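For the sequence shown, my numbering assigns the number 1 to the initial residue and increments by one for each residue that follows.
Careful, some of the hints might be misleading.
[Claimed, not checked] What follows is a list of derived Cβ distance ranges for each label pair:
id	residue 1	residue 2	range
1	Ala660	Arg66	44 to 50 Å
2	Ala73	Ala660	53 to 59 Å
3	Thr134	Trp342	45 to 51 Å
4	Val111	Asp65	20 to 26 Å
It is worth saying that the hints were derived from the structure and are not from the lab. Quantities reported herein were computed from a predicted structural model and do not represent experimental measurements. Glycine included, each C-beta is placed from N, C-alpha and C at the ideal position.
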Amino acid sequence: MSAPLAELAVRFAAFSLLLAGVGAGPASLLPSSWPARARLALAPVLGLCLAACGATTLEWLAPADRWYPALPATAALSLLVAAGRARRARAGGPRAGGPRAGAGPRAGGGVRGGLLVAGELLVVVAAAFLPVATALAAHGSVGPMSYEVYDGPGYVANAEAAATVSIRTASTETSVANYVQRWWHLDTASPNRLDDAPVVAGADALLGLDATQTYVANLLAVLAAGGLGLYAAVVVAAPRARRLAAPLAGAAFGGSFFLQLVFDGSQAALTGLAVLVPLLVLLVEAARRPRAGTLAVLSLALAGLGTLYPIFLFPVVVVVGGAVAVLAARSWRGRRVAWRPWLVRGAGVAVLAALGDVVATVRDARSLSSIATGGGILSSFPAYHLGAGVAGSWLLQTRDLYGVAFGAQSPLADVVPALLVPLAVLAVALPPLRREPVAWLALALVAVSVLLGAYEQVRHGCGYCEDRSMLSAVPPLAFLVFAGLGTALSSGRAGLVAVGRASRRPGAAIPGHGRGAARLGTAMVAMVAASYVGLVAYSSTNARARYAAGSLYVTGAERALVDRISPAGGPVELEGLGTLPSSIAAEPYAYELLVARHVAVSVATAEEGAGLASDWGPRPVRPPWFDPSYRLVLTRLGALVGGRRRVATAGMLTLERRVAPVGVTVESGLGFSSPTSRLATVTGPLRLVVSGARGPVAVRVRTALPGRHTGSGGGSAVHCAVVEERSGVRGVTLDVRGGATVLGVSAVAGRC
1 MSAPLAELAV RFAAFSLLLA GVGAGPASLL PSSWPARARL ALAPVLGLCL
51 AACGATTLEW LAPADRWYPA LPATAALSLL VAAGRARRAR AGGPRAGGPR
101 AGAGPRAGGG VRGGLLVAGE LLVVVAAAFL PVATALAAHG SVGPMSYEVY
151 DGPGYVANAE AAATVSIRTA STETSVANYV QRWWHLDTAS PNRLDDAPVV
201 AGADALLGLD ATQTYVANLL AVLAAGGLGL YAAVVVAAPR ARRLAAPLAG
251 AAFGGSFFLQ LVFDGSQAAL TGLAVLVPLL VLLVEAARRP RAGTLAVLSL
301 ALAGLGTLYP IFLFPVVVVV GGAVAVLAAR SWRGRRVAWR PWLVRGAGVA
351 VLAALGDVVA TVRDARSLSS IATGGGILSS FPAYHLGAGV AGSWLLQTRD
401 LYGVAFGAQS PLADVVPALL VPLAVLAVAL PPLRREPVAW LALALVAVSV
451 LLGAYEQVRH GCGYCEDRSM LSAVPPLAFL VFAGLGTALS SGRAGLVAVG
501 RASRRPGAAI PGHGRGAARL GTAMVAMVAA SYVGLVAYSS TNARARYAAG
551 SLYVTGAERA LVDRISPAGG PVELEGLGTL PSSIAAEPYA YELLVARHVA
601 VSVATAEEGA GLASDWGPRP VRPPWFDPSY RLVLTRLGAL VGGRRRVATA
651 GMLTLERRVA PVGVTVESGL GFSSPTSRLA TVTGPLRLVV SGARGPVAVR
701 VRTALPGRHT GSGGGSAVHC AVVEERSGVR GVTLDVRGGA TVLGVSAVAG
751 RC
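From just these sequences and the hints, can you work out the full model?
Written as structure tokens, this is what we have:
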């Protein structure tokens with residue numbers, strides 16, 4: 001095992017075990033009629049909810065480096081509660097749990113059953129961990145990384161800043177020490193959700209690591225928690241499904257849809273998606289058997305979803321409201337329903353959920369109001385085109401987002417994965433679940449999510465908002481597909497026969513059809529299931545290859561290069577790190593690496609859309625963002641700018657020491673054609689920043705003539721501008737032809 005993979009595995013295990021420990025107590029409150037493997041699998045996602053609610057509340061009062069001992073203390077207490085309840089259950093014997101006691105065919109027991117359960121859980125965890133972890137390890141990285149959307153730097157900044165600045169302080173204090181704290185201030189002062197950033201900050205303080213070291217480990221732990229939650233949902237809500245259905249459903253959290261969210265850094269969305277299907281199962285269980293323990297766990301799940309990703313609360317509320325309306329209609333038609341107890345229980349659950357995290361509840365009210373009125377829509381959002389020919393295959397994971405969202409919108413463009421297999425899967429999977437309330441709630445959630453996405457596109461013309469609204473359809477769809485296929489395969493009325501003439505009693509014979517027809521139907525269902533699983537695996541493999549090859553990584557060599565910089569060595573200037581076409585995140589990640597090591601950072605970039613300014617706001621070329629006294633430069637333009645001496649190189653990054661009294665740095669206007677290119681070309685107005693000038697300074701830029709990439713004399717041109725500024729810092733713009741290759745930049749006293 002490579003060193004980066006081992007590091008990721010250890011940190012992933014630490015986060016996962018912490019979540020499982022915190023969630024062990026709430027999981028022990030679940031009905032004893034549920035299989036033990038389902039309660040065990042639900043512990044991490046319940047731990048995520050409890051940890052998020054508690055950490056956000058504590059983070060309001062104090063920064064994480066003061067309250068972090070509460071995390072292991074909560075885990076220890078939760079494990080004690082779970083152990084105590086298990087001991088009492090063994091002493092009192094098995095308790096009646098309703099008709100689903102011992103649910104699940106071939107549940108097994110003893111050592112063999114335990115090994116089987118361990119193997120199933122390991123499949124789910126491996127599907128969440130290995131695709132991303134091995135991609136990073138191949139690049140010598142433990143993260144962070146970015147592909148197309150640059151959300152990662154913001155989430156890293158929040159977790160890093162939360163370690164030393166509380167929510168209450170950050171939301172009101174506008175005087176910040178650096179850009180990491182500035183981002184934390186912007187998020188806490190806005191109605192934006194805080195997801196599990198306080199949890200990560202507390203875990204980092206506990207482990208003695210910084211957010212750049214644990215960002216990916218946290219994402220993968222959330223992914224595994226979501227997969228295990230989906231596994232448990234199939235075990236509980238589809239008891240007649242083949243045993244293989246549950247681990248395959250959980251492994252769907254490692255599919256192409258979720259890989260895109262991980263590589264794009266959609267941390268908040270992933271945390272919310274992990275909670276959705278377990279929440280639906282808890283809603284049905286609370287309606288069937290409203291035990292105090294079940295209602296308490298349901299309140300915790302609702303509070304967790306509101307803390308982690310409140311955008312998903314709206315479709316859930318719509319679905320629950322629709323279910324209540326159906327019950328009311330049935331009551332009006334003559335079926336009596338005792339409404340008063342249900343109203344009391346519902347109000348109690350809602351109040352407990354709101355009180356579970358008061359800080360998040362107050363923020364959620366403002367956040368949902370802002371989204372409903374179209375607030376927060378930025379022109380920089382990606383312009384996805386999710387037509388009917390794209391959305392179905394994307395949501396079912398038979399094709400990945402970036403393979404389809406910018407291309408043909410017709411299902412006929414790729415008829416098998418876009419149309420035939422999805423339709424066949426839904427036609428076979430849905431009928432066997434028609435008597436399962438969880439399936440109806442899941443189907444309603446899918447419909448509401450798709451309708452909300454269509455509304456966002458029609459009302460606001462925001463493809464990114466449409467994408468965001470439809471995210472909540474994917475876990476319910478995965479549940480429906482795998483639970484339905486597993487149920488169809490396990491019953492005697494499987495396949496095409498089951499679709500046309502399902503019997504009223506599970507397992508009953510089908511009048512007019514022989515055993516051969518049932519076998520044929522089962523074979524047809526197996527073929528559909530195999531085709532679907534194969535397409536999902538193929539799509540996920542292609543997506544992983546796309547993201548692994550095209551992402552920006554903070555490599556171990558680059559991290560080691562930053563580790564060589566002493567905090568006592570003065571400010572370090574960042575130069576040219578936001579110049580790649582798809583790596584605006586490079587500059588923020590480098591900035592965060594330095595800040596985490598308490599190194600003062602100087603950044604000259606002031607232009608909107610470049611580097612830190614792309615998400616963190618433009619700023620003037622003056623202190624505290626730019627410090628003219630910098631002595632070291634961390635640059636992507638190694639050996640391109642004169643007046644410096646090379647200290648070390650790692651990959652595309654070079655650490656240089658300023659030796660000339662007059663310093664010049666490239667602020668904007670240069671770019672690279674690929675992540676591995678060493679030739680910088682002019683992409684716009686070439687803006688430089690000169691410092692240390694006490695008289696006229698000649699700034700020269702030498703470029704290759706059109707069609708040339710190297711050369712001197714007749715093969716190059718020199719562009720020169722004179723800086724007359726005597727105050728010490730001056731920006732200068734040179735009119736250099738776009739596309740020209742830059743061979744050198746220098747600034748010397750005198751005139752052109």
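Hints and how they fare:
For Ala660 and Arg66, the Cβ-Cβ distance of about 45 Å falls inside the hinted range of 44 to 50 Å, so the restraint holds. Separated by about 55 Å at the C-beta atoms, Ala73 and Ala660 satisfy the suggested range of 53 to 59 Å. The supplied range of 45 to 51 Å is met by Thr134 and Trp342, whose beta-carbon atoms lie about 49 Å from each other. The hinted range of 20 to 26 Å is not satisfied by Val111 and Asp65, whose Cβ atoms lie roughly 44 Å apart.
Violation of the numbered hints given earlier is confined to hint 4; every other hint is satisfied by the structure.
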